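Q: Residue-level listing of the chains:
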Amino acid sequence: MSEPKRRTQAGSCGYSPRRPTVSSFLSLRSVLALCGILAGLPLAAIPAQAQDDVVQYSIESPKAVQGLVLDIAHAGKRLVAVGERGHILYSDDSGRNWIQARVPTRQLLTAVTFVDEQYGWAVGHDALILATQDGGATWVQQFEDRERESPLLDIWFRDRQYGLAVGAYGALLETRNGGRSWDDVSDRLDNEDGQHLNGIAAVKNAGLVIVGEMGALFRSADWGQSWERLESPYEGTLFGALGTARNDTLLIYGLRGNLYRSADFGDTWRAVSLRSAAGELVFGLNGGTLQGDGTLVLVGHGGSVLSSVDDGRSFTVFNRPDRQSLSSVADDSAGRLVLVGQGGIHATGLTAEQIADRPVAGTPAAKQQ
Amino acid sequence: MSSHRQNRAGLLERLIFNNRPVVILLCLLATLFLAWQASQIRPSTSFEKMIPLEHPYIQNMIEYRDDLANLGNTVRIAVAVKQGDIFNAQYMETLRQIHDEVFYINGVDRSALKSLWSPSVRWTEVTEEGFDGGEVIPQSYDGSRASLDELRSNILKSGQVGRLVANDFRSSIVDVPLLEVFADPEDQSRLLNLDYREFSHALEEKIRDKYQAQDPNVEIHIVGFAKKVGDLIDGLVAVVMFFGVAFLITMVLLYLFTHCSRSTAAVLITTLIAVIWQLGLMNLAGFGIDPYSMLVPFLIFAIGISHGVQKINGIAQQSSGTDSPLTAARLTFRQLFLPGMIAILADAVGFITLLIIDIGVIHELAIGASIGVAVIVFTNLILLPVAISYLGISKRAVQLSKQYAASNHPFWRLLSNFANPVVAPISVVLALVVAIGAFWYQKENLQIGDLDQGAPELRPDSRYNQDNDYIIRHYSTSSDVLVVMVKTGAEGCSAHQTLSAIDELMWKMDNTPGVQSAVSLVSVSKQVIKGMNEGSLKWETLSRNQDVLNSSIARAEGLYNNACSLAPVLIFLEDHKAATLKRVTAEVEAFAAQYNRDGLEFLLASGNAGIEAATNEVIASSELTILILVYLCVAGMCLITFRSIAATICIVLPLILTSILGNALMAFLGIGMKVATLPVIALGVGIGVDYGIYIYSRLESFLRAGLPLQEAYYETLKSTGKAVLFTGLCLAVGVATWMFSAIKFQADMGLMLTFMFIVNMFGALWLLPALARFLISPQRLAGKEGGSLFAH
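In order, the protein sequences belong to chains A and B.
Residues 1 to 369 in our numbering are what the first sequence lists, from first letter to last.
Residues 1 to 792 in our numbering are what the second sequence lists, from first letter to last.
Nothing false has been slipped in among the hints.
Here are a few chain A residues that face chain B, going by a calculated C-beta distance under 8 Å:
#1 Ser61
#2 Leu68
#3 Glu84
#4 Arg85
#5 Leu108
#6 Thr110
#7 Glu149
#8 Phe239
#9 Gly284
#10 Asn286
#11 His301
#12 Ser325
#13 Ser327
Since the hints were derived computationally from the structure, they do not count as laboratory data.
Keep in mind it's a predicted model, so treat the numbers as computed, not measured.
Built from N, CA and C at the ideal position, the CB exists for glycine as well.
Go ahead and model the full structure; you've got the sequences and the hints to work with.
A: Spelled out as C-alpha cells, the structure:
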C-alpha cells in the first residue's frame, strides 16, 4: 500500500497542491527552477521531473467527441459536456459541431452544471472542482484533493455564489463565494458508513435531495444547511435524482431499472414499472433531464432511453441498437435529445416523443422473465 | 600437333584432361554423397530468420519475448452460419463438436482453449448484492428455444460481442492458443516441437473439411500465425513442381539450340548435378529450405544451363576444325574457362552484397546462391567438357555450326545498326529520356514494405486472406498489431505513474491516423474499477489507490508479466502500409522521448506490425547501400577484366537503366520494396552483367583485329548473339515459373527477376554498342595486344 506521493525537488522544496493552481503556476515554476539550481541538478531535467506537478492541460483532439462523456448541461443555449481526460466540449449549434475547451486537468470529469449563460462548474476525480465564467470556453481549477483518492460525483449551484458538491465516501462540499473557497460539510449528513453520494438535485419549491450507495437518501428543506436521512424505498444503489415540473415531486433511480417517484418531497414513494417490448428493464439508470415542456427523459446502461409525458408516472422505454451505456442527456432548443456516455456524444436529431415511438431493435433489450 | 597443344595447355587443363576418369569418378562420388545429403534437407520456417535480428525493435522483442509469452501464437477458428444466426441448436452442437475436436489436436494449449463452450467464458452482472455471473452456456442448456434465448442474453452480458461472437451474431470463434513445445501424447516424457504443416493439415481435415461436410449450414474460417506458416509450407511444396516445368521448357529450348540430343543431355545432367551439390552442401552447412533459399536451385539451374550452352557452342565451333571430341573439348576449355570464371565471379559478387541486409533468410539466400555458383565451376566448366570429350557432338550439330559461321545473317546485320553513327546518338538520348522519366516515376510512387491487405506472404485472394478478411469485417479486431512494451522495475507495472502514462500513450495512439484502437492492462483496470463500483461510468478511470489498482489488474492475464515489470500495449492498426507504420512508430518514439525516465520505459516493438516496421527500416536503409555496393563491385570486376574505364561504362550504364526501369515497374504494379524484392536488384545486376561481359569481350577482340565498330559488332552478334539470346531466355524461363507460386513474394520475385534478366539482355544488345560509339576508339584498339584478360 503506498499513498500517492507528491513529487518534490531533491527533497528540499515541496509545494502544496491544494492551492488554486492557476495562481500558483508561475511561482511554482520559478520555485522549481530555484530548487533545481540549489540541488545542483541540470536544468534540463526539471520539466520531466516536474511532470506531475506542472498543470497538465487536457489534450485537444478530434476523438474527444467519441471518448467517454459523462454529463451534459445547458449554458443558456449552449450545450456543454464533460468527460474523460479533462475533456470539456461545447456546442452552439444544437450538438452538430463541438469545440474543445481549455481545461487545466486530464482527469475524468463526472458532472457539470450552469446557473446562467456564463457561470458554470464541473467536478471530477481527485475531488476536482473546475469553474468557468465564459460559458464553458475556459476553465480554472478551484479545488483539488488527491489524497482523498476519491471523486466528486455531482454538483449543484443555486446562484453564482452558493453551491454544493457531493462525492464518494460521503463527501459534501459547500461554497458561499462562487467557489473561491470550499468547505467540507460532510458531517451535516447522517452518514456514518461514509456511503458514496452519487447525485444531488433540487425539487421544485421544496429543497434538495441527495442519493447514493445502498439506497442512501437525504433531503434538505433549507437548501443545504441541515439534512435529514430518509427511509429509502430501495436497498440498492441510487445513481441520481431528478425534480419534475411539479412542486414537491421528484424521481430517484438506480441499479437494474429501479425508478421511484415521490410527490411529497420523499415522504412516500411509488415504484415506476419500466417495461420495454422485450420485458422488464434490467439496466441501471444513470442520468436524466427535465425538458421545458415538462417531459422527463432518463438514460442508462444498454442504450436505455426512457421518456415520460405524465410527470414521471409512467415511462416508455427504448434501447438503442448500439447498446452503449448512456450517462446523461440534454435537449437542444428544438427538443431534440443529445445523449452522452460510452462512445461520446450522440446527437440523435430526435425528440423524446420520436425516440419513444421508435420500434424496439431486433435483439431483446431486456431479460425476459 | 597433339604435343603442340599439350605445350600450350595450362596446368589446370593438363591436370583435368590427363586424368579424365579420375575427374568423372570424383564427381560421381561427390554426387552420390551430396545427393544423400540433399535428400535430408528439410523445410525450415524459423521465424527468427525472417526478421532483422539486429534492429533495436527486434532486440527489444527478443529480450522480452518470455515476458510476452502467448501474445501471438494463437489460431482463431470462426465458425459461421450461412443462414440465420448462431442461436440454433444445430449450430451450437456443431460448435461443441469442433471445440472438442480441436482440444485433441497436437500442440493445442488445452487449458487455454476458448469458445462459447468453455466454462471460462462467463457473463457478469451487477446486482444489489454485488456481482452475479455464470457460464455463458448454462449447465441447464438443452438446445431448447428457452435455453437459446438465455444464451443470447448471457452473451450480451458477457461482453464477448466482437471478440468471441461476431458483431452480427452470425459466427463465433474458437480461440486456440498453441504450445511451441508440448509433451508427446503417446509418451508424456518426450517433448515434441509443433509441426506447423501437420497442424495446419489437421485443421483442414479434422475441422474445416469434416464439419463443413457434416453441417452444410456452417462455413469455417481459420486465421493465425500457425495456419499461415502451414499454408506457406504447402506453397513451397508446390514450387517443386515449377522446377519440373522449368526443366522441361529448358530441355526443349536446349535441343532447339544445339540440335544434338547428346549434348542436351550432358548439359542438363551436369546442371542437375550442380543443383544436387548445392542442396547437399546447404544441408551440410546446416541450412534448411525456406521460402527464399528454395529459389536458389532455380537460379543455379538457369545459370548452369547458360554456361553449359556457352561450352556446347564453343565445342561445336571447335569441332569443325578437328575430328577428335577430346581436342575440341580441350580447346573450348582453354578458351572459355577464364571468361566463364569471370562471369561466375560477377554473379557471386551480386549475391555476396546481399549479406549486408541484416535478415537471416537473405543471408541464407546469398550463401546458398554463392555456393551454387561455385559448384557450377566444377560441374559446368570442368565436368561438362570432360563428359563431352567422351560423348562428342552429333555430326549434324557440327555441320549446322559450320554453316552458321559461313552464312550471312540479316537479323544480326540489322541489329548491328545499334553501333551505327546515326542510330547510336538517338539510342543514347532515348535511353536518357526513359531513364529520367522512370526515375522520376519510381521516386514518386515506389513504396517501402508490403502494400496488400492481410497476410502479405500469401496472395490477396488466397484462402487464408479471405478468412482473414472475414474475421476483420465481422469482429472488432485487426490483424495488424503493434506492441509497445512498457518496462518498469519489479512490481512497477501497476503503479499509478505507470498506468497513467500508458493511458496517455493509448489516447495518443487513439488519435493517430491509422490506429483502430489500443488495449493494455489500463483498459482492463478501468473496466474492473468501474465494475467494482457497480458498473458506474463515473468510475471508469484509474484510481490513485494502489490497492485498488493492484486488484484491478489481477485478471488482466497476458497484459503484464509475472514480475509485474513489463506490460505490453497492443495497438491495432488499420493496415500495415509503410506510411502507417512509420507514422505510428514515430508517434510512439516521440512519446517515449518525452515520458521515459528511471523505472519507466516505453520500448518498441513487437507484434507483426512492429516486426514489419523494423524490417521496413532495415530495407530502407539497405536499399541505397546495396545498389552502391553491387555497382561498385560489378564496375570493379569490369575494370579488372578489361582494364578500361570506357568498357566499364559501356557495360554498367545499361544495367543502371534496367535497375531504374525495374523500380518503375514495381511502382506501377504496386509491389513494394521489401525483403523479397530488394535481393532482386543485386541478383538482376550480378547476373545481368554476364551479357555485357560476353558481348564486350568479343567486340573488343574484333576491334583489335582492326574491324570498324559496326562490322566488329556484327561479327560479335554472329558469334555470341545467339548464345546471349539463349542465356537470357534460359534465365527468364527459370525464374518466370515462380510467378505462379501461391506465395506472394515468390511471385513478385519471379516477375521482377524475369523482367530484369530480359531487359538486361536487351540493354546490353542495344545500348552497349551505342555507348561504344562514343567511348571506344577502334583506331586506338586496332592491332594492339591490349591489357584485357581476354587478349589472346
